[in-house]
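J.: Residues per chain, in single letters:
Number of protein chains: 2
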Amino acid sequence: MGTVVGVDLGGTNVLAAAVSSDGEATDHIKETTPTGGPDEVIELLVEMVTSIDDSPAAVGVGFPGPVSQGVVIEAPNLAGWTEPVKLAKRMAKRLKAPVTLGNDANVGTLGEARHGAGAGAVNALGCWMGTGIGGGLIIDGRLFEGQSGTAGELGHVPVEMTSPRRCGCGRWGCVEAYAGRASMRAMVDRLIAEGGSSEMVEIMEDKGKTRFTSSVWKKALKNGDEVATAIMDEAVIALGIALAGMINTLDLDTLIFGGGLAEKLGQDHVDRIEEVTLPRLMAPDVKRRWVVASLGDDSGVVGAAELARAAEQAV
Amino acid sequence: MGTVVGVDLGGTNVLAAAVSSDGEATDHIKETTPTGGPDEVIELLVEMVTSIDDSPAAVGVGFPGPVSQGVVIEAPNLAGWTEPVKLAKRMAKRLKAPVTLGNDANVGTLGEARHGAGAGAVNALGCWMGTGIGGGLIIDGRLFEGQSGTAGELGHVPVEMTSPRRCGCGRWGCVEAYAGRASMRAMVDRLIAEGGSSEMVEIMEDKGKTRFTSSVWKKALKNGDEVATAIMDEAVIALGIALAGMINTLDLDTLIFGGGLAEKLGQDHVDRIEEVTLPRLMAPDVKRRWVVASLGDDSGVVGAAELARAAEQAV
Numbered sequence: 001m002g003t004v005v006g007v008d009l010g011g012t013n014v015l016a017a018a019v020s021s022d023g024e025a026t027d028h029i030k031e032t033t034p035t036g037g038p039d040e041v042i043e044l045l046v047e048m049v050t051s052i053d054d055s056p057a058a059v060g061v062g063f064p065g066p067v068s069q070g071v072v073i074e075a076p077n078l079a080g081w082t083e084p085v086k087l088a089k090r091m092a093k094r095l096k097a098p099v100t101l102g103n104d105a106n107v108g109t110l111g112e113a114r115h116g117a118g119a120g121a122v123n124a125l126g127c128w129m130g131t132g133i134g135g136g137l138i139i140d141g142r143l144f145e146g147q148s149g150t151a152g153e154l155g156h157v158p159v160e161m162t163s164p165r166r167c168g169c170g171r172w173g174c175v176e177a178y179a180g181r182a183s184m185r186a187m188v189d190r191l192i193a194e195g196g197s198s199e200m201v202e203i204m205e206d207k208g209k210t211r212f213t214s215s216v217w218k219k220a221l222k223n224g225d226e227v228a229t230a231i232m233d234e235a236v237i238a239l240g241i242a243l244a245g246m247i248n249t250l251d252l253d254t255l256i257f258g259g260g261l262a263e264k265l266g267q268d269h270v271d272r273i274e275e276v277t278l279p280r281l282m283a284p285d286v287k288r289r290w291v292v293a294s295l296g297d298d299s300g301v302v303g304a305a306e307l308a309r310a311a312e313q314a315v
Numbered sequence: 001m002g003t004v005v006g007v008d009l010g011g012t013n014v015l016a017a018a019v020s021s022d023g024e025a026t027d028h029i030k031e032t033t034p035t036g037g038p039d040e041v042i043e044l045l046v047e048m049v050t051s052i053d054d055s056p057a058a059v060g061v062g063f064p065g066p067v068s069q070g071v072v073i074e075a076p077n078l079a080g081w082t083e084p085v086k087l088a089k090r091m092a093k094r095l096k097a098p099v100t101l102g103n104d105a106n107v108g109t110l111g112e113a114r115h116g117a118g119a120g121a122v123n124a125l126g127c128w129m130g131t132g133i134g135g136g137l138i139i140d141g142r143l144f145e146g147q148s149g150t151a152g153e154l155g156h157v158p159v160e161m162t163s164p165r166r167c168g169c170g171r172w173g174c175v176e177a178y179a180g181r182a183s184m185r186a187m188v189d190r191l192i193a194e195g196g197s198s199e200m201v202e203i204m205e206d207k208g209k210t211r212f213t214s215s216v217w218k219k220a221l222k223n224g225d226e227v228a229t230a231i232m233d234e235a236v237i238a239l240g241i242a243l244a245g246m247i248n249t250l251d252l253d254t255l256i257f258g259g260g261l262a263e264k265l266g267q268d269h270v271d272r273i274e275e276v277t278l279p280r281l282m283a284p285d286v287k288r289r290w291v292v293a294s295l296g297d298d299s300g301v302v303g304a305a306e307l308a309r310a311a312e313q314a315v
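For the record, the sequence lines run as chains W and U. Residues in the first sequence are numbered consecutively from 1, following the working numbering. Residues in the second sequence are numbered consecutively from 1, following the working numbering.
What the hints contain is simulated information worked out from the structure, not anything from laboratory work. You may find that some hints are simply not true.
With a cut-off of at most 27 Å between alpha-carbon atoms, the simulated DSS-like pairs for lysine-lysine come out as follows [as the list claims (entries may be wrong)]: (1) W/K30 <-> W/K89; (2) W/K89 <-> U/K287; (3) W/K86 <-> U/K89; (4) W/K86 <-> U/K287; (5) U/K287 <-> W/K287.
Some chain W residues close to chain U (C-beta under 7 Å, calculated; not the full set) [as the list claims (entries may be wrong)]: (6) S20; (7) S21; (8) M161; (9) A244; (10) G245; (11) L250; (12) A283.
Idealized CB from N, CA, C, for every residue including glycine.
Produce the entire structure from the sequences given, and follow the hints as far as they go.
T.: Shown next as structure tokens:
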């Protein structure tokens, strides 16, 4: 097979790279994500791919939203995407190459499970901890997307029955309502308003940030910030409940944690999540790996390329 | 292939039958489960199988407890099983035929997903509602047991974070603690002790029963019994939360409900569970089937035989 190009389309940036069959990414290109809607984005993606190889063997694209069979269903993080878009088909026509589309969390999980921290995984979950909580599932060594393409939505596993918190998705009690950075930010504001002691705003300003980034959380937790600690304790328990449900039903062998919070807080944080999950497992003694994603910015392009290769092999 | 025999070993009875490749069970034999431990049980199973066919092509056994690679790990419902038992190997030696062992909920789910109410399912969950809550998963059309054989444990998906109820398994907040008949019985006693109005004890006695069977529940719910209604409402919500988590992560196309409560309360009850689950789904509009198991007592033997066939084909 010739060059396989992986594309990681994010809300802020697009990253593209050539990816070898052993998962090595080279010829990286990074651009700012256009805000003018699908036509403009497709134009840029095609340009980026052809500047890496003007006749690629296959192209994989990771997309920040729900996709199904090559079609973008919704694009909550991209301006100007109001209708479903046949992204794979439109790119394939321009590139004269097969294009495979995947959800970003799914694709990142595939990258990490094949060539990153989870290499060798048979049944794995990727847990992407950022503004929201993303998830991806590897079942029997392959990315599992389900029939409608909506599998892997770890962030919207409900974890609370009696007094569920409202989630950004409009539903109630989702793990993301406790462990996503956006919800955690709202909780900081609420706890401070209720008289909780916190220097998170000061830490944010000292760092010259305008939002509670993962590094703000890291510093606050290191300082023993009362509000930050209480919110993170709850987030860890919520994650433990969601993960326990998935491990009890899927007997997962590998849990991979990526995204800003996982990268900043590192293995110690993952160890805490494991510790909270274990007492909730039916088979706590089964050996499982709990790891931080290791490919960094490359997990998306590597996973997208893997997805493209898998699609070609399946044909 | 010659005769494939399916065996459904339960805490009370053992059922065995010849099962054709299109899932038809014939030559049924039913015996009382021996209470003298593994040797006695194996002796009976071998006798039952050989009385159906003294040279079977393959044998599948559904077991009421956790199993892994032909070995019984634990037998919580059988007297005298104190150590792991190599059940498949020991039976195979006696029968001179391949023997495949599966967990009862898994095997029942496979039977229903192939030849029962869920026929044609690609990604399915079996939810077995009895004394406890059992679960089985079909992924990409095949029974999914995980690497350690412990997959599918729906009953121990946690559904509550802030005030979890103790489960019979010793853990906290499992769906079984809300929706398993044993836990529901304990809740009846508690609510009555707290002054709740209920005629469940009288209904039980009228029916000549000594425990709250599924038919006692049915009658009490039909009568609008206050305590029974409150407990069942909560059970349905707990199930909805557990199922929503599984559907959001696995994009299941088929949900199959079996066991005493499902059979007695029927499709109306399944419809209620669906109704409670839908608002918690990321993709509520995807078409999914919510069905009551249709093979009755045969789901276990049919599924066990299917498992044996699948193992033979994989060799």
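J.: If a hint holds in the structure, say so; if it doesn't, say that too.
T.: To see whether the hints hold, each was checked on the structure:
no.	hint	result
1	W/K30 <-> W/K89	holds (23 Å)
2	W/K89 <-> U/K287	holds (25 Å)
3	W/K86 <-> U/K89	violated (53 Å)
4	W/K86 <-> U/K287	holds (22 Å)
5	U/K287 <-> W/K287	violated (37 Å)
6	S20	violated (28 Å)
7	S21	violated (24 Å)
8	M161	holds (5 Å)
9	A244	holds (5 Å)
10	G245	holds (4 Å)
11	L250	holds (6 Å)
12	A283	holds (4 Å)
The structure is inconsistent with the numbered hints 3, 5, 6, 7, although it conforms to all the rest.
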